[in-house]
Amino acid sequence: MIGQRNSTAWVVSKHVLISGIAFVMLYPILWMLGSSFKPGHMIFTETWFWPQEWNWQNYMNGWSGIQGNPFSRFLTNSVVLSLGAVLGNVISCSMAAYAFARLNFRFKAICFGLMLMTIMLPHHVTLIPQYILFNHLEWVNTYLPLVVPKWLATDAFFIFLMVQFFRGLPKELDEAATIDGCGPVKIYTQIIIPLAFPALVTTMIFTFLWTWDDFFSQLIYLSDVSKYTVPLGLRLFLDSSSQSDWGPTFAMSVLSLVPCFIVFIVCQKYFVEGIATSGLKG
Amino acid sequence: MTTSQVSQARIERVTTRRVKRRYAHNGAALLFLAPWLVGLLFLTLGPMLVSLYISFTDYSILAAPSWVGLDNYTTMFTSDKLFTQSLKVTFTYVAVSVPVKLIFALLVALLLNKGIRGLGIYRTVYYIPTLLGGSVAIAMLWRKMLGGDGLLNSVLAMVGIKAPDWVANPKYALYSIVLLSVWQFGSSMIIFLAGLKQIPPEYDEASAVDGAGPLRRFFYITLPILSPVIFFNLVMQLITSFQSFTQAFVISNGSGGPVNSTLMYSLYLYKKGFSFFQMGYASAMAWVLVILIGVFTLLVFRSSKLWVHYEDGGKS
Chain B
558 MIGQRNSTAW VVSKHVLISG IAFVMLYPIL WMLGSSFKPG HMIFTETWFW PQEWNWQNYM
618 NGWSGIQGNP FSRFLTNSVV LSLGAVLGNV ISCSMAAYAF ARLNFRFKAI CFGLMLMTIM
678 LPHHVTLIPQ YILFNHLEWV NTYLPLVVPK WLATDAFFIF LMVQFFRGLP KELDEAATID
738 GCGPVKIYTQ IIIPLAFPAL VTTMIFTFLW TWDDFFSQLI YLSDVSKYTV PLGLRLFLDS
798 SSQSDWGPTF AMSVLSLVPC FIVFIVCQKY FVEGIATSGL KG
Chain D
5 MTTSQVSQAR IERVTTRRVK RRYAHNGAAL LFLAPWLVGL LFLTLGPMLV SLYISFTDYS
65 ILAAPSWVGL DNYTTMFTSD KLFTQSLKVT FTYVAVSVPV KLIFALLVAL LLNKGIRGLG
125 IYRTVYYIPT LLGGSVAIAM LWRKMLGGDG LLNSVLAMVG IKAPDWVANP KYALYSIVLL
185 SVWQFGSSMI IFLAGLKQIP PEYDEASAVD GAGPLRRFFY ITLPILSPVI FFNLVMQLIT
245 SFQSFTQAFV ISNGSGGPVN STLMYSLYLY KKGFSFFQMG YASAMAWVLV ILIGVFTLLV
305 FRSSKLWVHY EDGGKS
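Chains as they are written, first to last, in the working numbering: chain B, 558 to 839; chain D, 5 to 320.
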């Protein structure tokens with residue numbers, strides 16, 4: 558930059574501004590974190606996030622659960638559901654993407670067009686017929702309606718993301734492998750998949766986060782409290798919380814965010830790249 | 005064989021070879037596309053047709069659908085006050101939250117763009133609300149934070165302002181959700197940052213030498229070069245904002261209240277379909293949403309010719 562904008566005063570005030578905004582932005586989360594350690598009656602009387610004394614009672618109460626279901630059950634359910642969705646999305650979307658990016662076949666253009674169209678389509682349109690279908694199959698109140706669609710590559714956005722990535726890999730690899738006698742299956746498993754690691758990780762991260770937070774579908778399809786996932790479990794807490802009972806709710810909210818944080822921190826590099834290059838919404 | 009026959013035969017041979025190569029992988033492609041094809045037929049295209057059909061019927065899941073023609077659609081636009089209300093709420097939400105969010109994201113991206121030490125840390129911090137934002141936990145936090153005795157009002161009380169219960173007041177409830185959405189500007193910001201990084205610094209320097217001030221440089225250089233990124237962010241945010249659900253659901257406890265002031269379109273659709281089991285009506289609402297989003301996206305695409313500048317003149 559030119560001239561006086563590089564002066565110390567400018568740099569300092571810029572940093573103050575940026576960290577000021579950052580602090581205001583993070584404050585709600587810090588406040589929730591702090592509140593989860595405060596006794597119930599202190600939560601709404603103290604504005605500063607730091608608890609005067611730390612107590613773990615909220616966590617113990619919250620962990621013991623609600624309506625006879627320990628919180629660990631909601632967590633386990635969410636983990637199982639998310640893992641099923643992540644695996645399904647990565648496998649089925651990468652398969653379709655491989656076909657679109659590397660194979661020549663009849664009706665390719667039409668198929669590709671249909672795939673792009675489904676990205677733009679609001680899920681509300683298929684919501685009710687899908688519900689009716691799953692209801693007929695007697696899948697309602699199981700995890701099947703939440704997991705099976707992921708194994709059938711219905712999140713076309715990820716197909717598109719991987720097509721873009723696969724196209725960037727050198728075609729010579731496929732050709733060399735073909736000369737060596739490899740068929741498409743071998744090329745896909747031995748060459749494309751190992752090279753596509755960043756695209757696969759991006760898909761996995763976002764599938765995990767979106768499934769973990771997907772309140773809408775879980776609300777529609779799950780009705781037994783014992784099958785509830787974390788978002789539904791939290792809502793149960795919210796409904797039953799009296800004014801003095803906010804501690805356990807906040808404590809379990811904090812716990813519910815921990816997996817997202819871990820994924821974020823472990824995969825930070827892919828995360829930012831994934832958003833910047835593909836425009837994924839977080 | 006005459007020469008023309010020879011060349012004819014050669015042409016045929018070459019074309020068959022080309023066709024063969026063009027469709028060389030029909031079998032393999034079918035294998036790789038099988039899951040997607042099944043999903044497309046049974047979970048997308050099939051349901052779309054069914055949804056279109058159901059939208060012309062009265063259907064409660066318990067009994068067979070009965071044909072009512074355009075009734076659902078006419079009811080929506082002529083006598084259903086809640087439908088009109090949900091449209092109003094959604095339009096207000098989109099019209100306020102999308103521009104504010106994008107402007108804020110752009111301003112922060114500009115601040116972070118040049119010569120900031122610890123960019124990685126700031127980027128992370130600013131992204132955290134977006135990362136967690138879709139969760140029930142955050143919506144719940146928001147409801148409590150902006151409530152009558154919540155965090156915001158305690159802070160305001162310290163400086164002597166007596167504020168209302170934001171979430172329970174029909175005048176402000178929707179704006180508390182708007183605020184929650186703006187707070188999650190992280191992913192737009194990261195995309196803006198990536199766009200800003202691609203502007204060659206020479207442009208800026210050259211015009212600075214020519215005597216253009218920072219504001220002029222921003223409006224005449226940065227903004228036009230960034231316009232494709234702005235366009236992209238705008239389309240993405242429009243599409244997702246029209247479909248917002250979780251935040252309004254949790255903050256209003258599933259009711260869309262107070263006094264339907266937060267009755268977003270998706271929330272009303274959910275209530276119609278899954279609380280009142282008016283599946284026909286809900287399906288019709290879904291199609292109206294598709295058309296709405298389609299029209300808005302089209303308008304943005306059309307208008308983009310006027311304000312989006314591509315380096316190659318828009319040929320690609």
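Hints were generated in silico from the structure; no laboratory data involved.
For every residue, glycine included, the Cβ atom is placed at its ideal position computed from N, Cα and C.
Hints may be right or wrong, so weigh each one.
[As the list claims (entries may be wrong)] These stretches of chain B come out as covered by chain D in the derived footprint (C-beta under 8 Å, 3 or more residues):
1) 625-637
2) 702-709
3) 731-745
4) 761-772
5) 814-822
Count the residues of the region 625-637 of chain B whose Cβ falls closer than 8 Å to any Cβ of chain D, and tell me whether that reaches three. violated (count 0)
Tell me if chain D covers the region 731-745 of chain B under the three-residue, 8 Å CB rule, please? holds (count 4)
Within 8 Å of chain D (C-beta), three or more residues of the region 702-709 of chain B: Since 3 is at least three, the answer is holds.
Assertion that chain D covers the region 761-772 of chain B - criterion: three or more residues, beta-carbon distance below 8 Å: It holds, with 5 qualifying residues against the three required.
Whether chain D covers the region 814-822 of chain B (at least 3 residues having a Cβ closer than 8 Å to its Cβ atoms): Since three or more residues must qualify, the claim that chain D covers the region 814-822 of chain B holds, with 4 doing so at under 8 Å.
Consistency with the previously given hints fails for number 1 only.
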